[in-house]
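*Asks:* Chains B and L, in that order, are what the protein sequence lines are.
For the first sequence, our numbering assigns the number 584 to the initial residue and increments by one for each residue that follows.
For the second sequence, our numbering assigns the number 584 to the initial residue and increments by one for each residue that follows.
Among the clues, some could well be false.
Pairs count within a copy or across copies, as identical chains cannot be separated in the list.
As the list claims (entries may be wrong) - Simulated pairs of lysine to aspartate or glutamate, EDC-like, Cα-Cα distance not exceeding 20 Å:
{"hint": "1", "residue 1": "K659", "residue 2": "E766"}
{"hint": "2", "residue 1": "K669", "residue 2": "E732"}
{"hint": "3", "residue 1": "K659", "residue 2": "E775"}
{"hint": "4", "residue 1": "K645", "residue 2": "E748"}
{"hint": "5", "residue 1": "K651", "residue 2": "D708"}
{"hint": "6", "residue 1": "K666", "residue 2": "E766"}
{"hint": "7", "residue 1": "K651", "residue 2": "E590"}
{"hint": "8", "residue 1": "K669", "residue 2": "E693"}
{"hint": "9", "residue 1": "K666", "residue 2": "E685"}
{"hint": "10", "residue 1": "K651", "residue 2": "D776"}
To be clear, the hints were calculated from the coordinates, so they are not data collected in a lab.
2 protein chains.
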Amino acid sequence: MSAPSLEFWFEFASTYSHIAAQRIEATARGAGVPVVWRPFLLGPIFHHQGWNDSPFNIYAAKGAYMWKDMERQCAKHGVPFSKPSKFPRPSLLATRIAVALESSPAHLAEFVRRVYLANFRDDADTTSNDVIRGVLQSMALPDSAAVLERATANETKDRLRQRSEEAVARGIFGAPTFLIGSELYWGNDRLEDALAYCSGLRSS
Amino acid sequence: MSAPSLEFWFEFASTYSHIAAQRIEATARGAGVPVVWRPFLLGPIFHHQGWNDSPFNIYAAKGAYMWKDMERQCAKHGVPFSKPSKFPRPSLLATRIAVALESSPAHLAEFVRRVYLANFRDDADTTSNDVIRGVLQSMALPDSAAVLERATANETKDRLRQRSEEAVARGIFGAPTFLIGSELYWGNDRLEDALAYCSGLRSS
Numbered sequence: 584m585s586a587p588s589l590e591f592w593f594e595f596a597s598t599y600s601h602i603a604a605q606r607i608e609a610t611a612r613g614a615g616v617p618v619v620w621r622p623f624l625l626g627p628i629f630h631h632q633g634w635n636d637s638p639f640n641i642y643a644a645k646g647a648y649m650w651k652d653m654e655r656q657c658a659k660h661g662v663p664f665s666k667p668s669k670f671p672r673p674s675l676l677a678t679r680i681a682v683a684l685e686s687s688p689a690h691l692a693e694f695v696r697r698v699y700l701a702n703f704r705d706d707a708d709t710t711s712n713d714v715i716r717g718v719l720q721s722m723a724l725p726d727s728a729a730v731l732e733r734a735t736a737n738e739t740k741d742r743l744r745q746r747s748e749e750a751v752a753r754g755i756f757g758a759p760t761f762l763i764g765s766e767l768y769w770g771n772d773r774l775e776d777a778l779a780y781c782s783g784l785r786s787s
Numbered sequence: 584m585s586a587p588s589l590e591f592w593f594e595f596a597s598t599y600s601h602i603a604a605q606r607i608e609a610t611a612r613g614a615g616v617p618v619v620w621r622p623f624l625l626g627p628i629f630h631h632q633g634w635n636d637s638p639f640n641i642y643a644a645k646g647a648y649m650w651k652d653m654e655r656q657c658a659k660h661g662v663p664f665s666k667p668s669k670f671p672r673p674s675l676l677a678t679r680i681a682v683a684l685e686s687s688p689a690h691l692a693e694f695v696r697r698v699y700l701a702n703f704r705d706d707a708d709t710t711s712n713d714v715i716r717g718v719l720q721s722m723a724l725p726d727s728a729a730v731l732e733r734a735t736a737n738e739t740k741d742r743l744r745q746r747s748e749e750a751v752a753r754g755i756f757g758a759p760t761f762l763i764g765s766e767l768y769w770g771n772d773r774l775e776d777a778l779a780y781c782s783g784l785r786s787s
């Protein structure tokens, strides 16, 4: 019996999702677990919790620690990182494109990794159409103009809205989140535990 | 050169501090790092952040996940755990006694571990004088009545107040926190990284 797949729920503004995005494929491959990439927006969930900004900006001591911890964790995992000059960068544009790329999982994963690097390594303005178009053009995509068009289609917008509702319904409150059915693991720190759970299901 | 010591800042109401308290001495001994136990109150810090309850109660999805994660993490580390019927249990009484025991580090550590087990294994009411007196009497203390008396002395109260101010000044925003000088590591998940940092200082 093959291992069940692991759903990787990520938000482009989430720093720890950057680490998870860069390392998940190699780590999951080592565990023999397929990964399904699930772009979603944390904003509506945070808003519902009464936050109109990142909790790392609202709670200063926690934010100061997060940046230090990011440096340490990125060094530990060999993930490039440089604190961006603006945080958080709104993620709607990139998220819509990620949803539009879901029919092509390998391109989706590559796009996501490149957007995180643009934001959290190169300090590029990932809210800009030009920057995001540049990311798409840097990839070996058959037709990046069609992807950009699909990103703003009603079907994509609806899908993203449903994704946000699904996130709440399944108990998601932060990112990255790893889901295996109803089993939820929160945070880059829990990736290995989530994969071990998948592997256990396969062998049982 | 011997390794610098690691300060272990804990709050009795903190679930993840329970895991850290039960495993820190064996883990730190393995790394050759001395541990200094630092009881403190998170309440004033949370209050300053606008929280009058545990964030795990304020944010329901996060709380539901925390209890599940506690089960998993305690199983992983071999730490006894059973969800208490009341959470959080106010920690002022136990914290004052812990501060009063600081002149006797081995007794302090044993008292702390036993209070966490009373709360997070036995569901005992650790706000009760009788329960806390029972914990003290279960230990091989020369004079537990004197400890109880010292716990409510002005000197102890002042020391605890100063401790809370020190926590804020040093950037503490949650528990458990591990401090090596100004280097801060937050969360039971970071104990190994904090110890590795101490060991690195010794060998450099």
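*Asks:* Could you place K645 and E748 in one of the four classes (within, between, both, neither) given a Cα distance threshold of 20 Å?
*Replies:* between (28 Å within a copy, 17 Å between copies)
*Asks:* How would you classify K666 and E685 at a CA-CA limit of 20 Å: within, between, both, or neither?
*Replies:* Cα proximity of K666 and E685: none, with 29 Å in one copy and 40 Å across.
*Asks:* Please sort K651 with D776 into within, between, both or neither, judging by C-alpha distance up to 20 Å.
*Replies:* Classified as between; 13 Å across copies, 24 Å inside a copy.
*Asks:* From the Cα coordinates, with 20 Å as the cut-off, is the pair K651 and E590 best called within, between, both, or neither?
*Replies:* Intra 28 Å, inter 18 Å, cutoff 20 Å: inter-copy only.
*Asks:* For the identical chains here, do K666 and E766 meet the 20 Å Cα criterion within one copy, between copies, both, or neither?
*Replies:* Close across copies (19 Å), not inside one copy (32 Å); limit 20 Å.
*Asks:* Which holds for K659 with E775 at a C-alpha limit of 20 Å: within a copy, between copies, both or neither?
*Replies:* both (15 Å within a copy, 12 Å between copies)
*Asks:* Reference check for the pair K669 and E732, CA-CA at most 20 Å: within, between, both, or neither?
*Replies:* neither (27 Å within a copy, 53 Å between copies)
*Asks:* Which holds for K669 with E693 at a C-alpha limit of 20 Å: within a copy, between copies, both or neither?
*Replies:* Neither way: K669 and E693 sit 23 Å apart in one copy and 46 Å across, limit 20 Å.
*Asks:* How do K651 and D708 come out at 20 Å by Cα distance, when the copy is not named: within, between, both, or neither?
*Replies:* neither (22 Å within a copy, 38 Å between copies)
*Asks:* How do K659 and E766 come out at 20 Å by Cα distance, when the copy is not named: within, between, both, or neither?
*Replies:* between (27 Å within a copy, 16 Å between copies)
Of the hints listed earlier, those the structure fails to meet are numbers 2, 5, 8, 9, in rising order.
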